[in-house]
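Protein chains: 2
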Amino acid sequence: MKLNSQDLADLAVGAAFLGTGGGGDPYIGRQMVQLCLDEGLSVELVDPDDLDDDAFVIPTAMMGAPTVLVEKLPSGLEAIHSLQRLEKRIGRKATHTMPIEIGGINSTIPLLVGARLGLPIVDGDGMGRAFPELQMETFGVYGVSGSPMAVSNEWGDCALIEATDNKMMEWLSRGVAIRMGGAAYIAEYSMSGADVKRTAVPRTLTLAIQVGRVLREAKAQHVNPFEALLGFLPTTLYSYATIIYTGKITDMQRETKNGFSIGRARIEGSGAYDNVMEIEIQNENLIARVGGVVKAIVPDLICIMDSETAEPITTEGLRYGQRVTVISVSVPEIMRSPEALAVFGPACFGLDEPYTRIEDLTA
Amino acid sequence: MKLNSQDLADLAVGAAFLGTGGGGDPYIGRQMVQLCLDEGLSVELVDPDDLDDDAFVIPTAMMGAPTVLVEKLPSGLEAIHSLQRLEKRIGRKATHTMPIEIGGINSTIPLLVGARLGLPIVDGDGMGRAFPELQMETFGVYGVSGSPMAVSNEWGDCALIEATDNKMMEWLSRGVAIRMGGAAYIAEYSMSGADVKRTAVPRTLTLAIQVGRVLREAKAQHVNPFEALLGFLPTTLYSYATIIYTGKITDMQRETKNGFSIGRARIEGSGAYDNVMEIEIQNENLIARVGGVVKAIVPDLICIMDSETAEPITTEGLRYGQRVTVISVSVPEIMRSPEALAVFGPACFGLDEPYTRIEDLTA
Chain B
1 MKLNSQDLAD
11 LAVGAAFLGT
21 GGGGDPYIGR
31 QMVQLCLDEG
41 LSVELVDPDD
51 LDDDAFVIPT
61 AMMGAPTVLV
71 EKLPSGLEAI
81 HSLQRLEKRI
91 GRKATHTMPI
101 EIGGINSTIP
111 LLVGARLGLP
121 IVDGDGMGRA
131 FPELQMETFG
141 VYGVSGSPMA
151 VSNEWGDCAL
161 IEATDNKMME
171 WLSRGVAIRM
181 GGAAYIAEYS
191 MSGADVKRTA
201 VPRTLTLAIQ
211 VGRVLREAKA
221 QHVNPFEALL
231 GFLPTTLYSY
241 ATIIYTGKIT
251 DMQRETKNGF
261 SIGRARIEGS
271 GAYDNVMEIE
281 IQNENLIARV
291 GGVVKAIVPD
301 LICIMDSETA
311 EPITTEGLRY
321 GQRVTVISVS
331 VPEIMRSPEA
341 LAVFGPACFG
351 LDEPYTRIED
361 LTA
Chain Z
1 MKLNSQDLAD
11 LAVGAAFLGT
21 GGGGDPYIGR
31 QMVQLCLDEG
41 LSVELVDPDD
51 LDDDAFVIPT
61 AMMGAPTVLV
71 EKLPSGLEAI
81 HSLQRLEKRI
91 GRKATHTMPI
101 EIGGINSTIP
111 LLVGARLGLP
121 IVDGDGMGRA
131 FPELQMETFG
141 VYGVSGSPMA
151 VSNEWGDCAL
161 IEATDNKMME
171 WLSRGVAIRM
181 GGAAYIAEYS
191 MSGADVKRTA
201 VPRTLTLAIQ
211 VGRVLREAKA
221 QHVNPFEALL
231 GFLPTTLYSY
241 ATIIYTGKIT
251 DMQRETKNGF
261 SIGRARIEGS
271 GAYDNVMEIE
281 IQNENLIARV
291 GGVVKAIVPD
301 LICIMDSETA
311 EPITTEGLRY
321 GQRVTVISVS
331 VPEIMRSPEA
341 LAVFGPACFG
351 LDEPYTRIED
361 LTA
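Protein sequence lines correspond, in order, to chains B and Z.
Just so you know, the first sequence maps onto residues 1 to 363 in our numbering.
Just so you know, the second sequence maps onto residues 1 to 363 in our numbering.
Hints listed in this document are in silico derivations from the structure and should not be mistaken for laboratory results.
It is possible that part of the hints are untrue.
Copies of the same chain look alike in the list, so a pair counts if it works inside one copy or between any two.
Capping the alpha-carbon separation at 30 Å, the derived lysine-lysine pairs in BS3-like fashion look like this [what the hints assert, rightly or not]:
1) K2 / K257
2) K219 / K2
3) K257 / K72
4) K248 / K88
5) K248 / K219
6) K248 / K93
7) K219 / K257
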């Protein structure tokens, strides 16, 4: 499947939705890929089921605080440099690239790399959403090593991280990314086609495009976009979706700390809500509570959308006074196993509450 | 020249002196090399003049805050791992290793690596003393690239830094060393024998051994060790040496910040001094002032020694109440060129005072 400009526009919206606030501003990534299309380059997706078992896939991504990206734009060559450095290290050319997360800019970086290098992009990712840390990958959960990993900046500096486990890889590379100015571009979790089929969350790029399309078409047809979205998601692996709150943002705390965007959003309810909702953020929306009671919790999606336009709002776009609709969505079963929850469940973010499926929380 | 246990003991003392307070506790490094001698391994020095032009030299060292080393001991394999990682990256086996600095533990790490790998150690280094940052090398001053560089910890984690300049190499690798717990082990500035001859400060390992021997023999013969030392140094490249202060430490500020040991020592004079001396520290002693007037300034050596025992005192060994003698020593001309001062002169440490030779300050 070759992507066109409309697909890119839809992807940017869908990736912002699946990013649950994180993953960086998709606008920047979209513009860089659009430039490739304008130059006549091709952005071609491949279904994971169609991968040869001995394909050699090198995922690519941005690493850092999304808030930094607003001021520090990429040159577009950083992730390519990292992929090529890894090819040199391993002594094998990549046959494909793919996203490590589907949120925000990281759904588009691999498209840019694929278009520029003439590599097809695997339709899937390793987070099924966005997460703040690099060990939080279904790839790693099911046994793929993140190392060796390359980290590059816009000046041509590169660090090759060879860590004994994926958490140490995250820890060391984060130190490098911080010193590269808070945002860097990486290649990691190189693996075979067989490993992709076994460990990736499948078809999340086309899912993001579909989410964007559903919202766009609903608005064009003057249909309620939230209803259209809640009608569409049950036909996907993200099969349960529900509105958990509507209201107005009345307080927003946000800081860039240890290389992450950390924050808390306070939303005062409209209509039937007795208590305010508080959402805690580490790059992504992690937990939503109303009066101290959990309404949705990581890894299930917590998406804050503009109530007027049905646009997903990223962490750095949240503002006092916005009217918002908060939607929670179930994630695929590959992300809900005990092994997966041990790597990106609530305890991994310092949350005391146990993971409870959104289906059960709203039952 | 093969080193014996007595040489090692003398080296530890002389390297603490030349380290001007920095470079880490030489005791730890000495014990690790002694263990090699006990096992029958050989520690062999080679004069730089005897190097083949096409020899391939990979220097090795510890990187981090000396204060951390007191609690976080090395396994002894870290620097070997870094050297071997660099060999693999470059595709060539090292024929020699050597120190990047002559201060403290970094005079001994290459001896350990050389003994374990059966490599001779070049008698010389790239700082002619100790400095806190990795771009502060005569190697780099005269055109050798520090990258590629390997950074390893005791667990087997490794980062390969490929930076566009030596200052960026320092900046990125420091981030990694901090995240490895504040002390890591490195291989960098790989170069030919011809480059060593052109850029190294020569014969500083044997100089350190001689300094230790002079102090030891003076004490054994009940000769004033300070007089013996001041009599010996004029026969070396470090040709001017003078006592700039004697007194008692009355205040000591010290903190570990951004991966460095930062501090300030206040010494109240005994005898003829009207004003106190203040010494500013970034891992090493950088500047000595009395009543605001500069008495000695980097890169010339400022060495704080115990007035009773004539033992050099490292930064982390300074204590309230110690009676100390402060000696300043001129450095070789290769370290005083405009190019050298641009890399490790006073301005590089944020000092406002211009560099003035110790000969001129005491004239």
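Violations among the numbered hints, reported as their numbers in ascending order: 1, 4, 6 and 7
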